[in-house]
Every structure is written in C-alpha cells, then in structure tokens.
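Residue numbers (the working numbering), protein chains in the order written: chain R, 1 to 372; chain W, 1 to 541.
Calculated from the structure, these hints are not laboratory results.
Check each hint, because a few of them may be wrong.
For each label pair, taking beta carbons as the anchor points, the in silico distance ranges come out as [claimed, not checked]:
(1) W:Leu-367 / R:Thr-40: 24 to 34 Å
(2) W:Pro-35 / R:Gly-285: 22 to 32 Å
(3) R:Pro-275 / W:Gln-93: 37 to 47 Å
(4) R:Ala-147 / W:Arg-433: 32 to 42 Å
Here are the simulated DSS-like pairs of lysine-lysine, each with C-alpha atoms no more than 25 Å apart in a straight line [claimed, not checked]:
(5) R:Lys-162 / W:Lys-481
(6) W:Lys-239 / W:Lys-265
(7) W:Lys-481 / R:Lys-158
(8) W:Lys-265 / W:Lys-47
(9) W:Lys-537 / W:Lys-430
(10) W:Lys-481 / W:Lys-430
(11) R:Lys-317 / W:Lys-233
We put the beta carbon where it would ideally sit given N, CA and C, even for glycine.
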Amino acid sequence: MWRANAVALAVLGVILAQTATAADDSLSDERVEASYNSGTAFVHHAGLDAYLRQVVHRLQAANSDAPAGSLRIHVLSNDLPYAFILGNGAGYITTGLLERLDDEQQLAAIIAMSLAPLVRRDQQTLTAENRQRMLRNFLPNLLVITATAGLGAPMMAKADTKARAEREDQAQTASDAVALHWLASVGYQPRAGPAALRRLRELLLTEQRAGSNDLSDLEHLAARADRLDQSDAVNETPVEGAPIDPAGSFDRFSLYFALNQAAADLDGHAVSVVPILDRVEARRGETGYTAYLRAELLRRDSADASSVPVAIAAYEKCVSHADAPESCFRELGLLYRRSGDSARARESFLAYLAHAPKAADAPIIRTYLENP
Amino acid sequence: MRLHASRLAVLASLAVSACAVPPPVAQTPQQLGFPGGAREDVLGRCKRVGLVPVTSPPLPGVDSQASARIDLAARPALERVGFTVVGADGYTQAYDRFNRAVGGIYDPLLGTLRRDGYQGVISGARREYVSQEHLDCIAVLSVRSTRAEMWGQYASWDGAGELADGGANSAVVHFFGGTSGQGTLSAVSLRLELLNPEEKLLYTRDGGIQLETYFDPHHGNDESDFLVVPRAKLLQDDKRIERALVAATVPLRYTPEQILAARWKDPAIDTTKIPVESLPPLPAGASQERPPTLHVPRAQILSSVHRIALAPLALNGFAPPPGFIERIRALVHERLAPLNWEIVDVESINEVYSAAVRAVGGYYDPLTGKLDAERLHTVFTNTMKTLALTPPADAILAISLVRTQAAQRNGNAEWDAAEQQALTLGSVVKGPRLLGGTANNTAGEGLVDASSIQVLLRDPAGNTLYQARGGIELLQQLSIKTQMVYPRITYHQQFADRAPTELFKDAARNEHAVMVSLRDLALSPEQIAAEAVAAQKAQKR
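Here chain R stands alone, though its shape is the one from the complex:
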C-alpha cells in the first residue's frame, strides 16, 4: 500500500507542479511572432505578402468577428504543410502548403479553417473544459490508481488523451463549418476546403512524406475531409463576387516553391522529385529548369557506364531549351568527358563559359579545356 500512496502523492505533486509552472509556460503572441519573423525560415517577399494580404482582406469581408486589419499572413520555409494563426492576428503558412495546393480557392479555405477556431475561441473553450474534466475526475482517477498500485495510470492517461482528441475533433469540425460558410459568402467554393485536405494527403502520399500536424498527418487529413463533406456548409452556393486571382499570382508562387522543393529534395529525398516535377510540368509545361532537375536526378544515379547515355540525353534535352540553366552545359560537358567524347565535352564547356564566364568554377572548367 505504501507504493500506492506514493503514486497518489506523485499524481498530486504533478498537478501542483503543473499549476506552479503554468505561469512560465506562456509566451506573449507578440514575442512568438517576433521570433518567427526574425527566424531563418521566414520568407521575405513583398509581392507574396501583398498577394496574401489580398486573400485575407477578401476573407475578412465575410466575417465581422475576424481581427479586422490586424490579421496578417506570412510564409515560412518548410517542406511540410502548416497553417496557423496566433492570438494577436499574426498568421503563418508554409512553402510546403503553398506549393501543394491547386489554386487560390484552396489557399483561402485553409486560411479560413485556421482563422475560424481563433474567432470561435476554441482554444480557450477546450482549455476550460480540460481543467473542469481534470478536477471532476481527480478523485475517481486517484482511487483507480491507488487500487492498482499505480499500474492503471498509463491507461487512465491514454483514455484521457482519447477523450481530449475526440473533443478537439468536434470543435474543429464546428469551426471548419464556419470557415466554409465564410468562403461561400465571399465568392469562394466551400468545396475547396475538403478538396484542399484531400489534395495535401494525395501529394504527401506520392512524395512519401508525412508529419504530425493538422495538415500533414495523413490519417487526420482524410478523417477531417470526410467530416467536412458531411457538413451542410459544404453545399452552400458561393455568392457572386470579384474574379478570383485574375493575375494568376497563386500559380506563380506555388510553382516557384514547388521547384525549390524539388531542387532541395535532389540530395535528401529524391523520391519526391519526379512527382513534384510532373505536377509542375502539368501546369506550366517543360522548362529549361525542370529539364535540368530531371537530368540532375538521372546523373546522380548514373554511377555505372551503362547509365551515362541516359543522363547525357537528359542534359541534351535541357540545353535545347532557350532558358536552360548554365549548369546544364557544364554537367553535359563533364558527362561527355567521362564517356571519352572530348570534342563534345569541349563544345559544352565553351558553351558553359560563354553563359557563365565569371562562375566560381570557371577556372576549373578552363583546366579541362587545356587538359581534355
């Protein structure tokens, strides 16, 4: 019994300790915002900020409770999709979100679905409920823990976590329904909400990526999209409004970040490169840069002589584009050199030096011209 008492005291101690440290747990939203804004992941791009402001203004028009004027969305660099808004109106989405969505409708849906819980004060409601539940269950839990000499504690904790998760899902579904209503009232399609979640899930699966947040947990994405489909708000007809993204800004930014991601993945997550490039080319066609990334991927796998011709063909395709990056000429030259074709190697090296005479490695390439 001494052990059971010790456990009961430990549980009591935990609660007291949590109460004692609660004051230290919270940072002001202003400080968190300053931290994000001065961090290395913050994307500084005035055009992108202006575009996001436009989307936010349109959403705010539908919602008198939104922190009018103070809501601001910025972009953080991250390969996974995230979207969140702090209590002071500072919101963040990631490059991993922008590059995977289809259009502005889906972007607006994700922003609205991040804003609605803030307006509805979900966090405060859930915290108050959790506190009440903890107080209500304290003595019964203590009894079970004492009776089982502490062995019941992990399962009690698991049951509590499950109950919390269910309640959080309920709150999220209610907030998502509000967000879909906002979308319809400013001319966006409410169906863009579940469509965005399914799109994220599909692409993350194809790229073999997953995370644990709301927008990257594959299981959660599917369940949330299914819940949204059952909401009445998803069938609301959008009001007639101003044209959506007439300048095609979304596509420009989305494709830019997608290509950045593909380039970054060449070294660390090669399995996602082709799916990303397929997606980009389906929207904009093949460019010198997409051809270059495909060639780079093939080159990295051309360890044996038999695979060199395939890589050469990919770089030849790359240099045939008027907008081919200069590195295409260099790598093509190096591959020709490797395969013993010194005449073509020389030709490619000269083309590289003509395109990039001041490149840091230009002196090295010149040594190849002197010693083919």
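Chain R is fixed; fit chain W onto it per the hints.
Just chain W now, with coordinates in the frame of chain R:
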C-alpha cells in the same frame, strides 16, 4: 463518487496489457543511414572505395594532427566492412590544383569559405579522384559538433555512452550525490558518408567521439555547473575515435536483424555498451573563465597611449533605437575621462579601414583561410596614413554590438558581467522563489542568446592592446513547457526571439555594459575592487 465503465475496463485489462509489450522491431534502412533504402545495393556497388581525408583542423581550435589520426583509423575500419580502400593522394593533388585554379576557396576579406568556389573545388577534386583511381564510391569523413542526451549521470549520442561529468567523480559520489536531471550536452561526432561517383549520397551515419562539455555540480563554479573541454584536448583519444568509427560502420557490417539481436548486449555492435572503464580517462573540463582583457600590461598602455581615434559604433545587423549610438559614444567618453586621453571621434574610420582591407586584397590567405599578420599590419598602417590625424593617434578604439550566449541556471542568466532573468526578462534576485529570489528550478541550465558591447583597442600597427565585453540584455526569452509522461515530468526549454523594436531601450543596462566593457582599462585594480564593494553595498540596500 462514480466508477466509470472505462475505469472498470482499465482494472480488468491490466493483467493483459502488462504482458502485451510489443516486441522490438528492426530499424528501417533509412533509420540505419541508407537514404536510398537498400543496404545490399550499397554493399554490392561499393567495392573499391576512395577515402577523402578529414579537413585539417577538423574543428576550429582542434589540433591539426587529429585529422591524420582519424584518417589513419578510418582505413582499417572501412576495410573491416569489406571495402578495398584507396589512399587519398589522388584527391589531395586534385584539390590543391583546383584550389589554386579558383584563386582559393576562402574569402580573403572575411576568412570565410566561398561556398560556390568551395563546391566547385570539392566536386572537381572528387571527380578527378574517381576517374583516376577507378573508384566505385567515395568515403567522406567529417567531424561535427552535436548534442548528447543527458539522463542523470549518463550521456549518450550517436552510439557513444559516457558519464555526464566526464568521469571526474568517484562511484561513491555518483551513488550518493549524482545528478538526476536531464538535458543536453555539447559533444563531438564523426560523420561517415558514402557517395557514388556522381556524388549521390548512399549512406550516412554519425559515430559519437567524446563530450565537449560536462555537467558536474561538484566541480562547477557559482555561475554554472557546465565544464568545457578545451578544444586543444579534443580528438586525442584513439580508442574513442575507433569507437566512433565502429558506430558509424555498424549498419554496413551487420544486417538490421543482427543489430536488433545485439542491442543492449554486444558492445561490438551496440557501441553504447562499451564500458567507459575500458576507455582512456577523459580530459578534464574547466569552468568558462572570462578571457584576459589586457593584452599588454595596463601601465604600458597608459604610458604609450595619450590620444585615441574612436570609431563609430558597429551595429552588426542590430537596429537600436534613435539616440542609442550617441548615448554609447557619450558613455565611452565619460568612462575614459579619468585616463585624461584625448579622444577623437572619427566618423570615417570604418570606411577608411574597409577601403584599406580591400586595397591589399584582404588579410586572410585565400588558399587556407588563415590570418596573414603582415597584411593586417599593412592595413592598419595604411588606415592611419589615410586618416592623417594631426597629431597622429596612438591607438584606435573600435566598439561594436555583438551577439553572444549567456549561461542560465534556474532561469538566472549571467554573461559578460551582466545578469537578467531569462524567464521574465526582469532583474535577477539570487535565491529560490520561496525566499523572494528569481531562481526557478524547472528552467534547469543552458544557454540563451544575449547581446553585449565589445570594445577593442589596437595600436597603429594593428596589435591588440585591450579587448573586453559588457553584457547588455538577453535577445531571447526562455519559457518552460511542462510535459508529463507518467511517472516522469519533463520540462522542455523553449526560446523566442525578442522583437528588434524592444531591444536596447533600457538606459541602465546600456550604461552598465559600457562601464563593464571599459572597466579594466579605465580603472586600476584598487579602483575596481572599491567599485565592486560599492556595488555589493548598493545591492544589499
């Protein structure tokens, strides 16, 4: 009181759940260090492997011979995998040739690596190496600073296990007074990478070498229980280098199933089980002392310097509020007034100095990145000539705002003779909270970003006479996230940067920083002692 059905279910299922611990599962290829996924492919592909030497020195401040020591140990370690290891001569020759061809990979103005040039040289040298030696793969070794997880008196990381205090205390001390906290310690690891001829990463894994800091409450000082191993004493231990190489090559030598079967048992595979007693004693750590401020005796400075050129405050990316720069300058004049020096504010000094650096093409060797003292001397001589002060200045005083790190214990941060509560950003009051102090033991110990004023006095030839710092304020706020995973409560440190607009507004902190940074120069040892006594009395009041 009601007993919920769920609680009854808990009681009923206890016996079952106690027996239902899932069996351990073998690690995935990715977890073992094969990003492409197939161990057999890598082993089938890499037969003849070139060993690229470790850069020298492997870390700043570490003995250059350590690189050769690692290279020497790496060869047999890779041969045990089954590779035919090819020497690095071909690589070194190509590297040197390309380094000269690009005019050096270091920026002569800053002494830092030129990323694009470096990449070109490394890539070119690797290609030449592969082509000349007919290599299937390249093995690249590098040494890196990392973090070890500390649990109580043990620390472990990257397949290494050590005593968190570096073995400085006896088993009796560990038993009765060992540490019970958790956190992280700085450590050093060796990274092994295998690349294919086109530089695609096939395998990467780190092996822990040794701790760079110890946590030792029995040998710490008033400010911190962390002890730092001097860089010169790192990487001198062949046994630990060998352990790191074994840890880094285990997935190449053994299948995931063999690794799983040997976990917690076989030190030849699970290197964390190598007993620390079988390894040589670790080098002693030392409390971090303030570096000496006076590079030549104070009397010598006072006898040779009578007129100084004061450079404008260098902001280093900080954006202090209006009036800050002028106030710092006034404080510098005020602090140095007892020395009766003639202080000439020279607004153009930074520009003139930069032009002089550019005129000589920088004072760092572009091939090695090392400082060229002769060129530095030329830069200073030319700067003084261009300034043409009449009469000439005997020294130049440069002042800058710098980012540094403060050691915090229980939330009370101390650095460069400044104090600040990292949790509240208020003042520090020594002592526990129950007694009115600001110490909060949930904050543990660690580092937090801080700002300081740095002063540097140099003679006209560029020789440093005096260098010191005075702490201003913290650049981050610490917060503690409490997490309970039964039966343990864990306190996680979290940091948030302070907004640039709220910094450098505290006049008392700004003044203190200037006073402290110039104290050893402006005051005699007797005056410093008297000032300390006065400060103690003021604090008591």
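Against the structure, the hints:
Our hint of 24 to 34 Å for W:Leu-367 and R:Thr-40 holds, since their Cβ atoms are close to 30 Å apart. Against the hinted window of 22 to 32 Å, the Cβ-Cβ separation of W:Pro-35 and R:Gly-285 comes to about 31 Å, which satisfies the hint. For the pair R:Pro-275 and W:Gln-93, the supplied restraint of 37 to 47 Å holds, since their beta-carbon distance comes to about 42 Å. Between R:Ala-147 and W:Arg-433 the beta carbons are some 36 Å apart, a value that agrees with the proposed interval 32 to 42 Å.
With a C-alpha separation of about 21 Å, the suggested pairing of R:Lys-162 with W:Lys-481 holds against the 25 Å cut-off. A threshold of 25 Å between alpha carbons decides the hint, and for W:Lys-239 with W:Lys-265 the separation of about 20 Å falls inside it, so the pair holds. About 20 Å separates the Cα atoms of W:Lys-481 and R:Lys-158, which keeps this hinted pair within 25 Å; it holds. Taken as a hint, the W:Lys-265 and W:Lys-47 pair is broken in the structure, with Cα atoms around 30 Å apart against an allowance of 25 Å.
Only pairs whose Cα atoms come within 25 Å are accepted, and W:Lys-537 paired with W:Lys-430 is accepted, the gap being roughly 15 Å. A hinted pair counts as satisfied when its Cα atoms are at most 25 Å apart, and W:Lys-481 with W:Lys-430 qualifies at roughly 23 Å. At roughly 54 Å between alpha-carbon atoms, R:Lys-317 and W:Lys-233 are farther apart than 25 Å, so this suggested pair is violated.
The earlier numbered hints that this structure contradicts are 8 and 11.
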